[in-house]
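Assemble the complex: chain D is given as a structure, and chain H must be docked to it using the hints.
Take a look at the letters that make up each chain.
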Amino acid sequence: MPKHLGSSGPVHRPKGEGRASGPVKFRTSFSNTIYDVLCAKGWEETDSEHDWDVHWAEREWVFEVFDQMHLEPHQRLNHFRNAKEICRKDLLIKNLKKRKRQLEKEGSYEEATQYDFFPVTFNLPREYALFVEEFKRQGGLWIMKPIGSAQGKGIFLFSKLSEISEWRTDYRYRPGNNKQEKEADAYVVQRYINNPYLVGGKKFDLRLYVVVTSFSPLNVWIYRTGFARFTNTRYNDDVSDITNSFMHLTNVAIQKTADDYDKRTGGKWDLRRLKLHMISQFGAETTDAVFWEMQMIIIRSLLSVSSVMINDKHCFELYGYDIMIDDTLKPWLIEVNASPSLSASTQEDYVMKCEMLNDVLDIVDVEGKLKGDEEHVGGFDLVYENGFVDMDPKHRGWSSYLGSGIDRGPKKNGKGRRQQQQQAQPPENGGGGGEMGEKPRLAALDQYSKFLQTAAKGLK
Amino acid sequence: MDHTTPQTPVTPSSALLSSLHLDPFLHLSLLHLKKNLIHSPKSTPHTVESIKSAMLELGLTPKIRNLAYSLSCSEKDRKSTPEILQVEQARDDWKQSIYDELLSVCSERGVSIIGPDSAQNKKIRYIFDSEDLFDAIKRIPCSSNMNASLCHNYGLIKLRLSTPDHSALRTKFSELHPCNRQYGMDETFLGSSKFIQHRQEVGVKVLQESYVPISMQYARYGIPAGLRPEIYRVCLNLPRRIGAKEGEYYNSLREKAKNMRYNVVDELFEMDSQTIISNSMSFFPFLENITNVVLAFSRDSWVVQNSTYTAHESIKYEMSDGSTTSIPSSGVQPFKGFVNYIAPLSLVYEDEERIYFTFRGMYSRLWCKLNVISSDSGTLIHLCKTFEDLLLSWDPALFMHLLSVNVAPLSIAFTWIHLAFTNVLETEQLLLLWDRLVGYDDLLLLPVLSAAIFTFRSETLMCTSSAQEVKDILDNNSGRRLKVMPILQAALFGECFK
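In order, the protein sequence lines correspond to chains D and H. The first sequence begins at 1 in the working numbering and counts up one residue at a time. The second sequence begins at 1001 in the working numbering and counts up one residue at a time.
For the record, the hints were derived by calculation from the structure and aren't laboratory data. It is possible that part of the hints are untrue.
[Unchecked claim] Output of the computed footprint for chain H on chain D, the stretches with three or more beta carbons under 8 angstroms from beta carbons of chain H: (1) 117-131; (2) 267-278.
[What the hints assert, rightly or not] When the alpha-carbon atoms are kept at most 20 angstroms apart in a straight line, the in silico DMTMM-like pairs for lysine to aspartate or glutamate are as follows: (3) D/330 x H/1350; (4) D/394 x D/407; (5) D/94 x D/72; (6) H/1194 x D/392; (7) H/1122 x H/1350; (8) D/84 x D/60; (9) D/394 x H/1186; (10) H/1095 x H/1129; (11) H/1194 x D/285; (12) D/25 x D/322; (13) D/41 x D/362; (14) D/153 x D/322.
We put the CB at the ideal spot given by N, CA and C, even for glycine.
Bound conformation, chain D alone (with noise of 0.2 angstroms):
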C-alpha cells in the first residue's frame, strides 16, 4: 500500500473578493453542456471584454488575449498560460523525461524508477536518429502522432520504417490546419501498446477528469468517475490488419464514423462500471493497485510540469486525462488534453459532462460559498494540496477514490437538474454506489431506518 506523504496543511484559496454584488457574470463561446452549466447556475451571460467574473475560454483565446490583459483578483479564467507544458505531446515527454533525471539527480531513485508510465516516445524530426536507433533494436509496432492534433486526426500506425519515409508526402498524413501550431509537420513517434486489456475483446481506453487550481503550491482535484471508450470492432493484433484505424483509435470522433457505431450507448462505460468489472474478474486487491497507479499517473505528470507552469491565481484548468491499461493491469499515460470535449454524445453522457461542469465551478468558487477546507466537492476529491490528502477513512480499504461511486445525496435547488425527471418521488438511497468500503449513506441510511424504525417495532 503506497505511503501518503501528508498534508502540508490547508492552503490559502483566493475567494470572490472583489466581485460586484448581484448575479456572477460569465463569459464563453461554447454552445454546449458548459453553457446549459452557467445558465443553470442562475448566472448572467456577457460578451463584454473586461466585465465578467467567469470566462470559459477556448484556449486559442488565451493564447491571443490573455497576455495582453489585467485581470482583477476577483476573475476567474479556466486555462493556464503555458498549458502547452502538459497538453503537446512533445512537451509533455520532455517534462517527464525531465523530472525523471531530476529525481535520480535528487537521488530518489525509487521515485524516478516510477516514471515508467509513458511508452517510449521520440520529438520528432529532433530525435529521428535516436528513433531509428530504438525501432533497428525493439522493432514492434508504432504510433505517429501530428502534436497539435485533437480527435485523432493524422494519427497513423507503422511497423516498417519504409512505412514513414513517405509520410510527409503521402497526403493522408498531412496534418489538419493547426493555425496556432508553428511547427505543423512536429510529431511524436510512441511505442504501440499492441497488448491492452480486453474487455468482450473489444479495446478501451480511458479518459479521466483533474482540475487543477494551482500548479505552486499544486492543487489537484480527481473526479471520481470518467469514461472507458470502447472500439465497436473485436482487437486484433495482427499487424496487418492497423489500417483499420476504427479498431486501434478510440476517439469518440473517429469511432462515429464506423458502420456499426451504435448511437445510443456511445460506446463507453463509466469508470464505475469498469470498476467493478474488473473486482469480478481479478479481485478488489488487484483493481484497487490499478485505479491507483492511474491516480500516481496524473500526480506525477503534474508534478513534472508544476515547475515550468506559469502559475496565476485568476487560472484553474479542466484536464482530459487520456490513460490505457494494458494486458498486464499497467496503466499508460498517452495524452493531456486541455480542452476536453465538452459535447455530449448520449443522454447519460449529458447528465454526467453537466454534473461534472457544474463541480468544476463550485471548486472555483466565484461566489465564495466554500469555506476552503473541503476535501470533497460534487464529484471531485481534493487528492493533492501540496502534498498527498489523506483518504477519508470512510473509504478504507481503497487507496484512491477513482471509480467509487458519487454521493449527491437528495436533490437540491431543482436548478440546473433539467434533464432529470421532476417526480414526486421520495428522495433516492443516496443515488450513489452500494460498493465495499465507502462512506456510509446517512440520508439513505436514515430513510430506511426510518422505514425499518416504523415498521420493526417488534424487531428482537
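Chain H in isolation, oriented as in the chain D frame:
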C-alpha cells in the same frame, strides 16, 4: 459393486447406483477403485476408512456427494399435484400458438424452418413477448365450470392457488433477516472491512468443499464479486473450474449453429440480442459473446432433457436422410427479451464457455419456471398470484387505490417477475438478488421483491390520480437506483406488514 439393474421399484440408492454408471468419469474411477483397492493381491482387509480415503484421493467424494444431493432434490421435486384442467388447456393453447406463430412467420418470409434462405423479403417480427404470455395467463378462467361467483377476488389471477403467507416467507427466508450480516447491506457500512474479509475467507473454504448445499447456503447471504463465478457453478452442480470437456462441448454447439442455420429462429435470437445488448449501457461490449451463447443454447438438446419444465414446443422437422430434428433442439423458442437472462452473466464471466454453462444451468432450474404455463407452485402463475396476495395483505389500501385508477398491480409487476428483474435493477443489485435465487433454488423472492417495491413506493403511489402517473413512478428506469436487500428486509421482517 452390484451392476445388475434391480427389478424392484427404483429407490434412491439404486438410482444413485445407476446414475454412477451413466457418468463415464465416475464409472471409470469406480473401476479403478475396484481394481486397485478391492482386488489387488496385496490388499489387506479393507476398512470403510481406507476406501473413503482412496475415493477422496481419486476426487470422487465431491462428485458423488453432489450427485447424491441432486438426486435427493429431484425426488422432492416430483410431487404429485393434480393438474388443473384449465391450466393444462391454457398451456397446450399457448404452446400451439407459439408453434403456429413461428410457422406463419416462416411462411411470411417465404422460407422453411431449415434450408436455403433465398427470400428477398427480410421482414421479420417477434413471435411473442412478455405481454403475450401475460395475456395467455390472464385469460385462464378460475374454474372449468362457469360458476363465477366463487371466483371473486381482486387480482388478475383467478385461479385458486394457495400461496405462502407472511410467516411462511419469514421462515423460509430467515437467512435474510437483518440480524444476519450479508452482502447487499453490510459491506457498504462503516467498519465493514472485517466483514468483507471474513466473508471472503468463508467463501474460499466453501469453494474448497465444492459441495452444493453448502455453496447454496453461502449464496443466500450474498456473494462477493470475486467469488461469484465459482460459487454459481458449484450451486448449479458444475465443477468450480471449467474443464476441457465442457469447452469442447460448447465448441461443438457453436459448430452446429454455424453449419446448420435455423431460419427465422436464429434471426429472432440475433435480433433480440442486437436490440437489447447494443442498447445496453452495461452489456454492449459483450454483444458478440452473448449472441454466440444464445445461438449455441438453441442447439443444445441437454436443455430439453434436463430442464425442470419444457416451456415451448419444438418444431419437428424431417431431414432429407429421414431423421427428425427438433427446432430448436433446446425446446426454447425465441421471444423478445430472452437474452436478458444471459446478459448479466457477461459481467460475471469473461469467457463465453463459462457464461454458457452457468446460463444453461440457471435456465434449466430457474428460468424455465418463468416461461411455462403451469399451476405448480414456484412457477410463473403461482408467483404472480403470490405477488397479488402479498400486496393485498401488506397494503390493501394501495391495492384498492391502484385498481381505482385502473391499474392492476400485476400488470406492472409481471415483466419484473417474468424477466427476473433484468429490465429494472442495476446489475450489481440484480446479481445480489440472483445470488439469493440461486442460493434458495427458488423464485419466490421475485414476487416478494415486487410487492416490497410497491409498498416502498406506497406513499407516492397513493397520491396518484391516473394510470400514467403510476406507470411513471414505477417506471423501469426508476428502478436503477433501488437497493434490493434493504427493501426485502423491511418488507419481510418489518412489523407492520404482518
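Hint by hint, here is what the structure shows:
As drawn, the stretch 117-131 of chain D meets chain H at 0 residues by the rule of a beta-carbon pair under 8 angstroms; below three, the given contact is violated. Coverage of a stretch by a chain is defined here by at least three residues with a beta carbon nearer than 8 angstroms to that chain's beta carbons; for the stretch 267-278 of chain D and chain H the count is 6, and the condition holds. Distance check on the hinted pair: residue 330 of chain D and residue 1350 of chain H sit about 19 angstroms apart at the alpha-carbon level, within 20 angstroms; holds. About 13 angstroms separates the Cα atoms of residue 394 of chain D and residue 407 of chain D, which keeps this hinted pair within 20 angstroms; it holds.
At most 20 angstroms may separate the alpha-carbon atoms for a hinted pair to count; residue 94 of chain D and residue 72 of chain D exceed this at roughly 34 angstroms. Pair hint residue 1194 of chain H plus residue 392 of chain D holds up; C-alpha atoms about 18 angstroms apart against a cutoff of 20 angstroms. Proximity of residue 1122 of chain H to residue 1350 of chain H is assessed by CA-CA distance (about 34 angstroms); at most 20 angstroms being required, the pair is judged violated. Taking the CA atoms of residue 84 of chain D and residue 60 of chain D, the gap is near 12 angstroms; set against the 20 angstroms cutoff, the hint holds.
Of the supplied pair hints, the one linking residue 394 of chain D and residue 1186 of chain H holds, its CA atoms being roughly 14 angstroms apart against a limit of 20 angstroms. At roughly 13 angstroms between alpha-carbon atoms, residue 1095 of chain H and residue 1129 of chain H fall within 20 angstroms of each other, so this suggested pair holds. For the suggested pair residue 1194 of chain H and residue 285 of chain D, the alpha carbons sit about 15 angstroms apart, so the restraint of at most 20 angstroms is met. For the proposed pair residue 25 of chain D and residue 322 of chain D, the alpha carbon gap of about 32 angstroms is over 20 angstroms, so the pair is violated.
About 10 angstroms separates the Cα atoms of residue 41 of chain D and residue 362 of chain D, which keeps this hinted pair within 20 angstroms; it holds. Proximity of residue 153 of chain D to residue 322 of chain D is assessed by CA-CA distance (about 16 angstroms); at most 20 angstroms being required, the pair is judged to hold.
Checked against the numbered hints above, the structure violates hints 1, 5, 7, 12; every other hint is satisfied.
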